[in-house]
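**Q** Chain by chain, the residues run as shown.
There are 4 protein chains.
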Amino acid sequence: MSDREPAPPEVQQRVRASFERQGLMAHLGARLTHIGPGRAHIELDSRPEVTQQHGYIHAGATSAIADSAGGYAALTLFPDDADVLTVEYKLNLLAPAREHIEAVGTVLKSGRTLTVCRLDVFDAGGRLVAAGQQTLIRLPTVSPAVSPGLSPGGDAGGAVSAGG
Amino acid sequence: MSDREPAPPEVQQRVRASFERQGLMAHLGARLTHIGPGRAHIELDSRPEVTQQHGYIHAGATSAIADSAGGYAALTLFPDDADVLTVEYKLNLLAPAREHIEAVGTVLKSGRTLTVCRLDVFDAGGRLVAAGQQTLIRLPTVSPAVSPGLSPGGDAGGAVSAGG
Amino acid sequence: MSDREPAPPEVQQRVRASFERQGLMAHLGARLTHIGPGRAHIELDSRPEVTQQHGYIHAGATSAIADSAGGYAALTLFPDDADVLTVEYKLNLLAPAREHIEAVGTVLKSGRTLTVCRLDVFDAGGRLVAAGQQTLIRLPTVSPAVSPGLSPGGDAGGAVSAGG
Amino acid sequence: MSDREPAPPEVQQRVRASFERQGLMAHLGARLTHIGPGRAHIELDSRPEVTQQHGYIHAGATSAIADSAGGYAALTLFPDDADVLTVEYKLNLLAPAREHIEAVGTVLKSGRTLTVCRLDVFDAGGRLVAAGQQTLIRLPTVSPAVSPGLSPGGDAGGAVSAGG
Chain Z
1 MSDREPAPPE VQQRVRASFE RQGLMAHLGA RLTHIGPGRA HIELDSRPEV TQQHGYIHAG
61 ATSAIADSAG GYAALTLFPD DADVLTVEYK LNLLAPAREH IEAVGTVLKS GRTLTVCRLD
121 VFDAGGRLVA AGQQTLIRLP TVSPAVSPGL SPGGDAGGAV SAGG
Chain E
1 MSDREPAPPE VQQRVRASFE RQGLMAHLGA RLTHIGPGRA HIELDSRPEV TQQHGYIHAG
61 ATSAIADSAG GYAALTLFPD DADVLTVEYK LNLLAPAREH IEAVGTVLKS GRTLTVCRLD
121 VFDAGGRLVA AGQQTLIRLP TVSPAVSPGL SPGGDAGGAV SAGG
Chain V
1 MSDREPAPPE VQQRVRASFE RQGLMAHLGA RLTHIGPGRA HIELDSRPEV TQQHGYIHAG
61 ATSAIADSAG GYAALTLFPD DADVLTVEYK LNLLAPAREH IEAVGTVLKS GRTLTVCRLD
121 VFDAGGRLVA AGQQTLIRLP TVSPAVSPGL SPGGDAGGAV SAGG
Chain P
1 MSDREPAPPE VQQRVRASFE RQGLMAHLGA RLTHIGPGRA HIELDSRPEV TQQHGYIHAG
61 ATSAIADSAG GYAALTLFPD DADVLTVEYK LNLLAPAREH IEAVGTVLKS GRTLTVCRLD
121 VFDAGGRLVA AGQQTLIRLP TVSPAVSPGL SPGGDAGGAV SAGG
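Chains as they are written, first to last, in UniProt numbering: chain Z, 1 to 164; chain E, 1 to 164; chain V, 1 to 164; chain P, 1 to 164.
Derived from the structure by calculation, the hints contain no laboratory data.
The model shown is predicted, which means the values in this text are computed figures rather than measured ones.
Worth double-checking, as some hints may not be accurate.
Label pairs and their computed distance ranges (CB to CB) [claimed, not checked]:
{"id": "1", "chain 1": "E", "residue 1": "G29", "chain 2": "V", "residue 2": "H100", "range": "45 to 55 Å"}
{"id": "2", "chain 1": "Z", "residue 1": "G126", "chain 2": "P", "residue 2": "A82", "range": "20 to 30 Å"}
{"id": "3", "chain 1": "V", "residue 1": "P37", "chain 2": "Z", "residue 2": "R112", "range": "43 to 53 Å"}
Just so you know, even glycine gets a beta-carbon here, dropped at the ideal spot from N, CA and C.
Let the sequences and hints guide you as you build the complete structure.
**A** The following block contains the structure:
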């Protein structure tokens, strides 16, 4: 697939609706800028609230958008009644970023229960500033009472307990 | 060492000064609540800005305080002219948390160059909600121009490039 | 639970039977030395086949017994018709080991679908030489034709595809 | 660079010499099949000694060749008096493999102290069966007495203690 192939409109709509309910994404000022099949991009401009006092973007902010990018990449390949939770992720921080970062989540393997994504974060100059790998779980049946909170990166903690 | 053994006063002061310069920690409302030798605790109360719309604390916020707790745990064992950067971390999200979380960073191995920490995050009831492991690098000499930005979790991205 | 509390006899028998079918464990000369509830120990003596030419135990051998220790720790908590596969693991190598290592897998969280284990590897002097964390999946129903190969660490690769 | 661009002859020679001293690689029957700049391929045919009793290649064997592939990929970019140790790695196991696997280590970032590699493992049909990420440390000065044992994946455990 091409890097910028769009996901079907109904998938884009479903992913955007979930992203818009993510409080922390709004709080950080993150924007969902591309939704492809098995792929999602989230961008973040530097603001004092997401940086160090000397202008670098905080690793916590980098991790948050990378985690959500992977979660939404996974979600694009799910049926519309399924939800996704982060089980775990690992991130290497490769270089500082000062102005703008773009996190790209790409599905490496989409299984019936588990999905594995690659996480890449680039700075404004296209340099790789962080790279990681993430495991997510698909929830086959989510009750209406529980469902709304189960968006990616939000209560990812639920992964195992949801499984348990 | 006992769980609540305090670090020497000058170490506590150095760690607190660094924490207070962490913009994202203030933005999230995180508090540094214990500094011991090779150990740091950071707590976070739930607020709309760090939660999902349904009340769970966002994994991005969990990660941010866990990463900083590990960074400061490492820093407590360094000489006062050294700084610390996160090289990488891995975090498993075990259960959702609704009201309050406490991240505990504990040094497993403190080497001349690299430090490895365990990261544990508990909810208000003392249940383990996230667990991880982190690698950090000590910067032996940091030039004054660069030093202030090099606080843990902040420009952790600099870890490898600082080494490079 | 105490560190050396034994698992019930039928659990020990089930775990030992699986371990004995692990070809690589025999090839490496690994021994399963303790099976507790949510815990397993595997020991490895240094031999030329598992070391470097200068006497250190190879990281590949360390990883193999750590992975299997975590898998069997998880298996002790499963019903007897369930099997376990490694989804992923992360291991930090902390210090070289020359004579003997003991890998200890300990369950941190046992869910209906996923289990998370801590992995600790000690040398003959009790020093921590490697530390890691592992995610495993429980297979709720395994067909007889597939089941025999699905032992921990063996076709761990099946984790996601089994889920898919 | 092209996928199969070879490394300079002196680099290939240095990497091959190190690989040939890796006892476990010989014990497993692994072969170093490509050495490019920032890249190394290691292949493993299935044999009873590296498989489960039902024919899948053991995750421990997969991990061992993936770890070494990353270590040698890093080493290709080092000056000839430097050595490399694995600090940590994370591997997701995606699918079982039965006949043959090829591990490809690729440098994502080569710094003065730390190198980060991507690890991909393919089966005979070119399917991705495992994927991971690895952090390695370059040892700037290795004493003759210590040097011979410090080959990648061999005493990777020395990473932190070497740093310490």
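**Q** Between G126 (chain Z) and A82 (chain P), is the Cβ distance one that fits in 20 to 30 Å?
**A** holds (29 Å)
**Q** Tell me if the beta carbons of G29 (chain E) and H100 (chain V) are separated by a distance inside 45 to 55 Å.
**A** With Cβ atoms ~48 Å apart, the hint holds.
**Q** Could one say that the CB atoms of P37 (chain V) and R112 (chain Z) fall in the range 43 to 53 Å?
**A** Since the Cβ atoms of P37 (chain V) and R112 (chain Z) sit about 30 Å apart, the hinted range of 43 to 53 Å is violated.
Checked against the numbered hints given earlier, the structure breaks only hint 3 and satisfies all the rest.
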